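Novice: Order-wise, the sequence lines are chains F and D.
Letter by letter, the first sequence follows residues 1 to 246 in our numbering.
Letter by letter, the second sequence follows residues 1 to 246 in our numbering.
Treat the hints as calculated values from the structure; they're not laboratory data.
None of these values were measured; they are calculated from a predicted model.
Hints are not guaranteed to be accurate.
[Said to hold, decoys possible] A partial selection of chain D residues facing chain F, derived with a Cβ cut-off under 8 Å:
{"no.": "1", "residue": "S33"}
{"no.": "2", "residue": "P34"}
{"no.": "3", "residue": "R68"}
{"no.": "4", "residue": "H175"}
[To be verified] Cβ pair distances, simulated, as ranges:
{"no.": "5", "chain 1": "F", "residue 1": "D177", "chain 2": "D", "residue 2": "G123", "range": "42 to 48 Å"}
{"no.": "6", "chain 1": "D", "residue 1": "A107", "chain 2": "F", "residue 2": "G142", "range": "22 to 28 Å"}
{"no.": "7", "chain 1": "F", "residue 1": "A30", "chain 2": "D", "residue 2": "E238", "range": "44 to 50 Å"}
{"no.": "8", "chain 1": "D", "residue 1": "H153", "chain 2": "F", "residue 2": "R228", "range": "37 to 43 Å"}
{"no.": "9", "chain 1": "F", "residue 1": "L102", "chain 2": "D", "residue 2": "E98", "range": "24 to 30 Å"}
All C-beta atoms, glycine included, are put in the ideal place defined by N, C-alpha and C.
Listed below, chain by chain, are the residues.
2 protein chains.
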Amino acid sequence: MAPAPRRTPAEEARTLVARNHVAALATLSADGSPWGSLVLYAALGDGTPVLCLSTLAEHGRNVKRDPRASLVMAETDIAGDPLDSGRVTLAGTLEAPEGQALESARAAYEAASPASELYGGFGDFTFYVLRVERVRWVGGYGRMDSTDADAFHAAEPDPVASGAASAIEHLNTDHADALLLMAQKLGGHPDASEATCVRIDRYGMDLQVQTPRGSAETRLGFAEPANRPGDLRAATVELAKRSRAA
Amino acid sequence: MAPAPRRTPAEEARTLVARNHVAALATLSADGSPWGSLVLYAALGDGTPVLCLSTLAEHGRNVKRDPRASLVMAETDIAGDPLDSGRVTLAGTLEAPEGQALESARAAYEAASPASELYGGFGDFTFYVLRVERVRWVGGYGRMDSTDADAFHAAEPDPVASGAASAIEHLNTDHADALLLMAQKLGGHPDASEATCVRIDRYGMDLQVQTPRGSAETRLGFAEPANRPGDLRAATVELAKRSRAA
Numbered sequence: 001m002a003p004a005p006r007r008t009p010a011e012e013a014r015t016l017v018a019r020n021h022v023a024a025l026a027t028l029s030a031d032g033s034p035w036g037s038l039v040l041y042a043a044l045g046d047g048t049p050v051l052c053l054s055t056l057a058e059h060g061r062n063v064k065r066d067p068r069a070s071l072v073m074a075e076t077d078i079a080g081d082p083l084d085s086g087r088v089t090l091a092g093t094l095e096a097p098e099g100q101a102l103e104s105a106r107a108a109y110e111a112a113s114p115a116s117e118l119y120g121g122f123g124d125f126t127f128y129v130l131r132v133e134r135v136r137w138v139g140g141y142g143r144m145d146s147t148d149a150d151a152f153h154a155a156e157p158d159p160v161a162s163g164a165a166s167a168i169e170h171l172n173t174d175h176a177d178a179l180l181l182m183a184q185k186l187g188g189h190p191d192a193s194e195a196t197c198v199r200i201d202r203y204g205m206d207l208q209v210q211t212p213r214g215s216a217e218t219r220l221g222f223a224e225p226a227n228r229p230g231d232l233r234a235a236t237v238e239l240a241k242r243s244r245a246a
Numbered sequence: 001m002a003p004a005p006r007r008t009p010a011e012e013a014r015t016l017v018a019r020n021h022v023a024a025l026a027t028l029s030a031d032g033s034p035w036g037s038l039v040l041y042a043a044l045g046d047g048t049p050v051l052c053l054s055t056l057a058e059h060g061r062n063v064k065r066d067p068r069a070s071l072v073m074a075e076t077d078i079a080g081d082p083l084d085s086g087r088v089t090l091a092g093t094l095e096a097p098e099g100q101a102l103e104s105a106r107a108a109y110e111a112a113s114p115a116s117e118l119y120g121g122f123g124d125f126t127f128y129v130l131r132v133e134r135v136r137w138v139g140g141y142g143r144m145d146s147t148d149a150d151a152f153h154a155a156e157p158d159p160v161a162s163g164a165a166s167a168i169e170h171l172n173t174d175h176a177d178a179l180l181l182m183a184q185k186l187g188g189h190p191d192a193s194e195a196t197c198v199r200i201d202r203y204g205m206d207l208q209v210q211t212p213r214g215s216a217e218t219r220l221g222f223a224e225p226a227n228r229p230g231d232l233r234a235a236t237v238e239l240a241k242r243s244r245a246a
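Work the whole structure out from these sequences, hints included.
Specialist: Here it is, written out as structure tokens:
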């Protein structure tokens, strides 16, 4: 049996960027020491983050002096151990766009932060885009990888990510028997006594399985990727049917 | 009438540090550029943050090379505009404690992260404390200030912070009339038509008030600071009584 497909590190990164709008920004203070701050960001169509920084704030002055920066976006709605949840670091250089690129950046930022229609026009604010050079994704304990700017920009955010939390809750609350059968028939754990969905994405889902040999995680791939938010239901129903037929 | 007391920037910072256990860490990569990452932290009794970093992660290698670092802690459970919520940057130097100081750091960290009892003992992990040099607090739009390490360590986290969100909800849901009377009689807005509690702390509360002249914020100070979580109730009841007698 071929291993069930997973999101690539670039897809994981693009999904985290698309799902959040608050990030930590790391810049360089006057003495070269690292300065962390909280920022609101928007993402352009290729995942490029847009910021709007004031020189009244230390990060805004830092960037005027040295444009090197990195952004950390974390999973929203973390349940359980935060170190076992997703986050991504995008490192590169902040650049003030001009002309049409400035208008695109402003439009994306105003859509993410309506209040910026007011403050974005103040003279102390500058719109920036992050020219991404390095991408480091951490999905949790033992789940991490690096990727490059080309792969990051070419990847697509997971279209079902916004519905994942409610799908997981629904599966665990109402379909525990179906999950157990999937773990037994399709997940390689015929002696499983319990199965809980811990992650779901466009390509499949991860089950935490209890067996007489202990606890284990197993991955079940969907027959077809779920390409629209509504596709998760059909994809899991197909898994359930397949497990009953197996 | 004397202005109602507020938490000092040092108290705001200590409260944010005490209320969270996830932070963004900014360190310096090999080429001197800033690197952001997500960390779990614990706080010692004087607010000193404790970290546990692996050299398998870029931030752990960065710190071995250059111990300068900063941490950003944000308000948890942000409702509404994230730029109108609290965050603090602590900048300084990471130091690996030894002897009794190491044991204290380890005990604090293990209390915050039970899983660290396992990984904290691995050879690639080092416990660090942040020697705080600069503190920058931002409470929201127009609410910000800096403070120094001495004031930060001497200050106390707000003892009622953990109950603030539920107190605000209770006041707004069940005591809208009492809040309106407070705004009219004690808040300097006799023509107020509506009042909503937006923040509450050990020293008092902030009301958002609607008047024929527009919307405004007003601060009401408690007769006595609320020094224990249970004191918020008595403090707000005293305000309600005072407004009825005024």
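Novice: If a hint holds in the structure, say so; if it doesn't, say that too.
Specialist: For each hint, the structure was consulted:
1. For D:S33, the shortest C-beta to C-beta distance to chain F is roughly 4 Å, which falls under 8 Å, so the interface hint holds.
2. Taking 8 Å as the C-beta cut-off, the interface hint given for D:P34 holds, the closest approach to chain F being about 4 Å.
3. The restraint placing D:R68 at the interface with chain F holds, with a minimum CB-CB distance near 4 Å, inside the 8 Å limit.
4. Interface restraint check for D:H175: the shortest CB-CB distance to chain F comes to about 29 Å, outside 8 Å, so the restraint is violated.
5. Judged by the Cβ atoms, the range 42 to 48 Å given for F:D177 and D:G123 holds: they are separated by roughly 44 Å.
6. Distance hint check: the CB atoms of D:A107 and F:G142 are about 26 Å apart, consistent with the given range 22 to 28 Å.
7. Separation of F:A30 from D:E238 is about 48 Å and conforms to the stated range, judged on CB atoms against 44 to 50 Å.
8. Look at D:H153 against F:R228: about 53 Å separates their beta carbons, and that is not inside 37 to 43 Å.
9. The beta-carbon spacing between F:L102 and D:E98, approximately 52 Å, falls outside the hinted interval of 24 to 30 Å.
In this structure, the hints that do not hold are numbers 4, 8 and 9, in rising order.
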